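Chemist: Starting from the structure of chain Y, add chains W and D where the hints point.
Chains as they are written, first to last, in numbering that gives the first Met the number 0: chain Y, 0 to 90; chain W, 0 to 402; chain D, 0 to 965.
In short, the hints are calculated from the structure, not lab data. Hints should not be assumed to be uniformly reliable.
[Claimed, not checked] In the DSS-like style, the derived pairs of lysine-lysine whose C-alpha atoms are separated by at most 27 Å in a straight line are:
| id | chain 1 | residue 1 | chain 2 | residue 2 |
| --- | --- | --- | --- | --- |
| 1 | W | 140 | D | 397 |
| 2 | D | 285 | W | 253 |
| 3 | D | 668 | D | 654 |
| 4 | Y | 24 | W | 253 |
| 5 | W | 253 | D | 29 |
| 6 | D | 668 | W | 253 |
| 7 | D | 144 | D | 397 |
This structure is a prediction, so every number in the text was calculated from the model and none was measured.
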Amino acid sequence: MSFLIPCPNCGERSVYEFRFGAEVKSRPSAGSPSEDWLRYTYVKQNESGVQKEWWYHRMGCRQWFIAVRNTATNEVLSTSLPEEKPGGTSS
Amino acid sequence: MQLFSHERMWRSHELKSRYDAVIIGAGVHGLATAYYLGKDHGLRDVALLEKSYLGAGNSGRNTAIVRANYRTAEGVAFYDASLKLYEEMSSELGWNVLLNQCGHLTLAHTDSAINGLRVRAETNRFLGVDSRIIGPDEIHKLVPTLDLSRRPRYPILAALYHPPGGIIRHDAVVWGYARACDRMGIEIHPFTEAVGIRMDGQSVSGVVTNRGEISTRVVANCTAGWASKVCQMVRVPLPIVTYPLQACVTEPLKPFLDKVIVSATLHVYVNQTDRGELVIGAEIDPYQSYSMKSTLPTLEQMATYTLELFPQLHGVKVLRQWAGICDMTPDFAPIISGVESLKGFYLDVGWGTYGFKAGPIAGRCLASLIATGETPKLIAPFSLSRFRQDRLVGEKAAAAVSH
Amino acid sequence: MAHPVDPSPPGHPGGASEGVCPITIFFDGKPISAQPGDTVASALYRCGVRIFSRSFKYHRPRGLLCGSGHCPNCLMTVDGIPNVRTCITRVHDGQKVRHQNATPSLENDWLSVSGFFSWLMPVGFYYKTFTHPLVWRGVEPLIRKVAGLGEVSPEPAADAGSESHPEHGSTGAGPAYAHIFWHTEVAVVGGGPAGLLAALQAARSGGRVVLIDDQPELGGHLRFQGKGRHSGEWVMPDGQDLSGLSGPDLARKMAEQVVKEPRIRVLQDSTCFGLYEGRLLGVLQKLAGGQRTANGSPSAGHSQALERLIYLRTQRLVVATGAYEALPLFENNDLPGVMLRSAAQRLAHLHGVQPGKRAVIVSEQADGGPVAADLKVAGVEIEAVIPRRELVSALGRKHIKGIRTTRGDLACDLLVLEGDRVPDAGLIAQAGGSLRWEEGQRAFLPGEMPPFVTVVGEAAGIQPNPEAPLPGPCSKKTFVCVCEDVTVKDLCDAVQEGFDHIQTLKRYSTVTMGPCQGRMCQLSSIAVCARQTGRAMEQTGTTTSRPPTLPISLGSLAGPRHHPVRRTPLHPCHEALGCTWMDMGDWKRPHHYPAPAAEPGASGHGATPAHTSTSHSHHLPTFVEAEYRAVRERVGIIDVSTLGRLDVRGKDAPKLLDKVYTNRLSDMKLGRVRHAALCDEAGILLDDGTVSRLAEDHYFITTSTGNIEFVQQWLEWWMAGAGWCVHVTNVTGGLAAVNVAGPKARETLAGLTGTSLETAAFPYMNCRQADVGGVPCLMLRIGFVGETGWELHFPAEYGEYLWDLVMKEGQPFGIGAFGVETQRLLRLEKKHVIVGVDTDATSNPMDADMAWVAKLDKEDFIGKAAILRFQARLATGQSERLVGFVMEDDSVPLDGSAVVHGGRPAGRVTSCRFSPSIGRGIGLAWIPSALAHAGRHFSIHVNGQLGQARVTFQPFYDPEGKRLRM
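Here chain Y stands alone, though its shape is the one from the complex (with noise of 0.2 Å):
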């Protein structure tokens, strides 16, 4: 619990200051049939590596952000401000 995680807005902090959100997945849209949104509940692609996913400085700008983060390494790739939506359930 103590890589770094470059905040888009606050620079460089320890991973202590945020909350892990959920790997990035697309919300099927209203009406979608039944199967779609199972899976999207459900199913976890679980990447054992490089995977873009959703953090929240907690302690800082209060802001969600996306990472591209190397799951087996806690390596983070890359932060941005999302462009996309919300995808996955809190976990």
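Modeler: Coordinates of chains W and D only, in the frame set by chain Y:
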């Protein structure tokens, strides 16, 4: 006499080109599955593939606590059956797994925690599992070293006492099973990594490893931490997120604590091994990761909360800290079933932080499923298809830390 | 008794001769005089102590071995702290030192007989024996009893490390342990010559440097070298040439330069125990001011920390940790009197203690190298110098009497070994660097390093070990691991049994798992494993190096005790009334107030009511009775400041709330209040609360206590990236809140506000901004407890003022304060579900009988798809339902009791209380939906029997809600 015999525990083999069944992951779950395939069903043409040394995964990283005091009827029945198998294991395998049923206490520091414990006590009682709520006086008698004063930020109000719970030597379980499997002719292949799974239409047909290819009609995914990765090979999507879980061990002390102590409010659990070390475990880390690097803030938390329970331990030193990775499902219950879309492919995954306790019974049930095609009643609630039916198991409500 | 040979030992500025106060320490109660600069071990050694500990398994006598904190041989209990390495612990006056793991004394330990039976205890002994559960059950406690090393007090209060105030959860007196956070450009670990030079170079190139050294003085091994000329060229970065000086002089000169350099911050007595992700170093600093009292706590009035944990973030790391010596393998290599060179040199040079009288030196240099000269200066007679391969065994029982060599026996009382040099690579492995076997140096050396790490000095490469490591014969008397009493024979047997991978060998034999963390045994165990398997050292590899590289106390890791407590702005009002507190997350809330008859303050901070009884009394506790009556018959007031409060503004606020809440909130009229709920995509209830619309673009939202952070983040997440104009502000801390409810609530408040409280002007589920007693309030007319009432939210700073004002105004009407317990009873009579109490992490609104919160005709909201599925399932009758129930008998089941159906647990009671208005137990329970029909009976387990309950979907009290609307 076994004591002075230095017979090999398990032999090494060349990888054959085909087996009746291949089990990926030779931890407690994989080994138990193989053991019961051989023992209960006479299926011995089985290969166990382990990508590292035997017991390298969570089987050698957990805090070796066993118990049956779960919350749901499904959970209690299942883990109770597992505990019974652990009780018989030493004599069955002729190998002492050092089971110490010293008793297990789950502490409550708030009213609502007591109510949560009562739900468990009630379910346990009806299913014949010894577990009951006790107050501070009785806690003090059982664990005189525990701080029951008003000093802690969250004073201890009550506990769920589960006398049959306890600790075991996790590595011994691995080795004992491995020896028993070896004696039945089941092959154990350490440093053999499954890198791909072959499919023949809607059926499994083989496994590709770093040591060559195997053909088989049965593949069981008995991995922890890598369940998603193995399932990606056959495009079976899983509802799993992998989180690190950390623990540490102190230098050896003279007898100080002979019960397992768990506090969900304080996110910590503590027990003392027969060697005298205190084993301290934490809550899962708050983010998804496959990294098994220990972290300092988590160690600080483990120390902080341990001292809330046992302030006199402040001068005791931590020797080692380590991490394992846990496959968490949405309902904190495992997935142990076949897969509708792929014949011959079996799952024994998603064990979160509970896997070690479940090893023997999970193995026995999975072996039965593989050999007979019938789903044993004990694992019926834990199928992968429950997530398509919103039939989640209510174990998640039993609070976050309840190793 | 040995005698000091040099009254003013070199390396310490203030010797005893300078008239410093004499120091007395107590060893097992016996006073022993020590000199300033002494370690506990050197003081004991000077007084003739030779056995420092008894070994873990066989209770063999063990003496000073490494003298530098790398082995387990000198572990004792010092000032109540177990397992202290006495060879690196400095003395202070009055220090209490106790031996460990020996009864009655180190000299005569009863359990040493176990050593004679060691042949009976081959590797894996316990796994292979006692396989019968009953036998094991009898044996296990005996094994347990003799295991372990040091002892700690069984009494929690005896020694808490730091005193603290029970209610504040923070430290009262001086904390024993401190934490600080630093950042630096360069961290240099190791204050030996390589580290000093690296620090000077880094500082010279402009960086801010933190230099971390675990010794009281800089200079590393130079400090305890002989007075002869130190080899090598020593030119400092500023050009100064220090070549030709003696080791100690060179150390002094280099240290002076480092200390003078303003860019270098020196941390002495500091151990860098771990390198973690994000270039974070864990550093433990022992502070000079710290002196413990006899029980290990800081002395009274002491305000300075004993130990300080430094979280040090660095840009670059220089590892200059040097090398240490490991124990060579030969028979009886663990006998007291067998000493590594570092220990002999330290004793002689740093402490002026003669390590022995007659020594044999094991060295590859014919003259015994510098250590021979050092020993001669200390007055030790050198019996012989022999090369390692000639050494067969040490002779003696409790102390070395001689050695056996391939050329005959030699008498001696000291055997000084040039151990195998092992580069100290713990940090390197943690940095993710690889270790490779370097055959030329016969050592594992750092290979690939992450770009921010540099390794210098002996950590990067050593003078080649002559023949290290020689595994020697498979002897039961040659100790590989002195921590765990693992012999070469044990390892050979284990390999034969199939534990032929270094990782499984470690776990099976426990080699490297003891307090020395493998320092003494890692290299030799790899050598044995390599030989037995016929594999090369490189192939055999090392075990994983895990932090901490040196054992760190729980107290240091935990730091000063700090557990936050949140108090509401009305806290003093409740204190004044003498309430009984309860914890709700971080918050303190009044559980109840003393019953009127009781003396105010009498119940103080007493424990909350008994939790372990088997059922509720069917009479209410008197305090609840009184509080209940006040609300139902007159007027009551409760502090609800712990509710989370969000201020949501912006033109897109209605859109956001419609998306996230299950209800429709965009169509609310101004001044209206709605009860609303949040679900996740799986349809699980996350939270509920009230939503008030203050303006077209302005909402005021309440959340459950403790859920505020979550709800705020949840709302913000669902608008992330959407470009919507909404501001979500957490206003919880800024607002106090009370709920004033009861038939006389209107009269009570009417006197304080100009706003009309009549139902026509201010109906139920409406809100108004109003002035109450001069305080700007947001008044919500809601009815959680089932009576006419108003929830007032107002600036926190007016908290006490307004509470007192309302209490005064309500006095003529018989106002009474009520706590959480009474509130729960009142709401239960209204069958209000509390999310998180009556629901859990698997509950959805359909099954929880809260279908009304979900507006399924909305096009979309979070969780809609799942809730639709739950709705469909509801019709199939295959689920659990949350229902209200009334007991048919006198029993009142406890919260959490089991619902029993067909002899099996089939559900659970979430809340149950005796209802004064019904005169029976009432509650909420999850039951199978087959039973969930109004009027249907089901059984609840109460006190070993089954109580009968009847399902009801109606509120128990005022089912039409008339009283709310009055």
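Chemist: Are the hints correct? Go through all of them and say.
Modeler: Hint check results:
1. 140/W / 397/D: 42 Å, violated
2. 285/D / 253/W: 26 Å, holds
3. 668/D / 654/D: 15 Å, holds
4. 24/Y / 253/W: 52 Å, violated
5. 253/W / 29/D: 23 Å, holds
6. 668/D / 253/W: 69 Å, violated
7. 144/D / 397/D: 25 Å, holds
This entry does not satisfy hints 1, 4 and 6, going by the numbered hints stated previously.
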